[in-house]
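Colleague: What follows is each chain in one-letter form.
Number of protein chains: 2
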Amino acid sequence: MNFISRDTDYAWRALMFMAKNAGEGVVTVDEIVQEEYLPERFLRRIVQKLAKKGILVSHKGKKGGFSFAKSPGKISLIDIIKVFQGNVDFTNCLLKGKVCPNVKKCALRRKLQSISKTVDKELRGITIMSLLKGS
Amino acid sequence: MNFISRDTDYAWRALMFMAKNAGEGVVTVDEIVQEEYLPERFLRRIVQKLAKKGILVSHKGKKGGFSFAKSPGKISLIDIIKVFQGNVDFTNCLLKGKVCPNVKKCALRRKLQSISKTVDKELRGITIMSLLKGS
DNA sequence: TATTAATGATACTATAATAGTATTATTAAT
DNA sequence: ATTAATAATACTATTATAGTATCATTAATA
Numbered sequence: 001m002n003f004i005s006r007d008t009d010y011a012w013r014a015l016m017f018m019a020k021n022a023g024e025g026v027v028t029v030d031e032i033v034q035e036e037y038l039p040e041r042f043l044r045r046i047v048q049k050l051a052k053k054g055i056l057v058s059h060k061g062k063k064g065g066f067s068f069a070k071s072p073g074k075i076s077l078i079d080i081i082k083v084f085q086g087n088v089d090f091t092n093c094l095l096k097g098k099v100c101p102n103v104k105k106c107a108l109r110r111k112l113q114s115i116s117k118t119v120d121k122e123l124r125g126i127t128i129m130s131l132l133k134g135s
Numbered sequence: 001m002n003f004i005s006r007d008t009d010y011a012w013r014a015l016m017f018m019a020k021n022a023g024e025g026v027v028t029v030d031e032i033v034q035e036e037y038l039p040e041r042f043l044r045r046i047v048q049k050l051a052k053k054g055i056l057v058s059h060k061g062k063k064g065g066f067s068f069a070k071s072p073g074k075i076s077l078i079d080i081i082k083v084f085q086g087n088v089d090f091t092n093c094l095l096k097g098k099v100c101p102n103v104k105k106c107a108l109r110r111k112l113q114s115i116s117k118t119v120d121k122e123l124r125g126i127t128i129m130s131l132l133k134g135s
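In order, the protein sequences belong to chains A and B.
Going letter by letter, the first sequence gives residues 1 to 135 in my numbering.
Going letter by letter, the second sequence gives residues 1 to 135 in my numbering.
Treat the hints as calculated values from the structure; they're not laboratory data.
None of the values given here were measured: they were computed from a predicted structure.
Don't take each hint at face value.
A pair holds if it fits inside one copy or across any two, identical chains being indistinguishable in the list.
Unchecked claim - Keeping only pairs whose Cα atoms sit at most 30 angstroms apart, straight-line, the calculated DSBU-like set for lysine-lysine is:
hint	residue 1	residue 2
1	K70	K52
2	K60	K117
3	K111	K70
4	K111	K133
5	K111	K82
6	K111	K60
7	K105	K117
8	K105	K63
9	K117	K63
10	K49	K111
11	K49	K62
12	K117	K62
13	K70	K105
14	K105	K74
15	K105	K49
16	K111	K20
17	K121	K60
18	K52	K63
19	K52	K20
20	K111	K52
Just need the whole structure built from these sequences, with the hints factored in.
Modeller: Structure, rendered in structure tokens:
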């Protein structure tokens, strides 16, 4: 079972590349693609989504590209996971897509809830900046 | 994003039902279906898999059904997740299905590895028995 | 102002995973 | 022999994932 999806993975690689190579400057998708061996059209859509979600800023036209909308120290893995995979919530009740009559007192749910909180906290602590320094 | 899949969820409900209502005895799929509102054919396949993996024992023929292969105190959520979703490993490298050249020194990987260990440990502690008592 | 080098938007396709159904065979108690 | 259970296998429908293709828009600059 995977935890982070391919989209999240690709996005993270792109962000790490940007932080490492351009800092506050503008980077084109082609530059990322060349270094990171990611599929161009696909990565394009990914960074577009990051821009829409306020993590990157897009600059159209010649000399355009993408730059950070907020500092790499403030972008954590949880932000990226939220963009591509939704909330980290391990407690979804899966009974035929409906909520089971037992939700309120479901012991499993409570356990999973506590685990998701722990994971959430851990993910929050992983920022682009911290990984850049730590590697 | 979900963490446990529908299969795992259904399996867990079935096991809880069995522990609650039959203990060491034999339970038929129909009995579980009636109480838990799960799709019959589907649940059938699920408990069959549990039997193959050594969590339940199947008894064919009249008066047949399924019983526990090991005590409900020794069946933990991690066992069931492993049956239906594979290992809890948050560290899969997703670069085009290949391993990226950076695996060894990948800082993200190390972080995710530590998170999976934590989760793994938590899941190990959740047993059928403990939830039965705790609810 | 025409050219060029970038992103933006949208629609499409292929593959795999998930969820569920249907059918027929086998087994063991009575 | 009958009956009430599981076993095995194959099928289908839906959704998610992964990736591709095309054309529009924008802004620098020669």
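Colleague: Hints broken by the structure, by number, lowest first?
Modeller: 2, 6, 8, 9, 12 and 17
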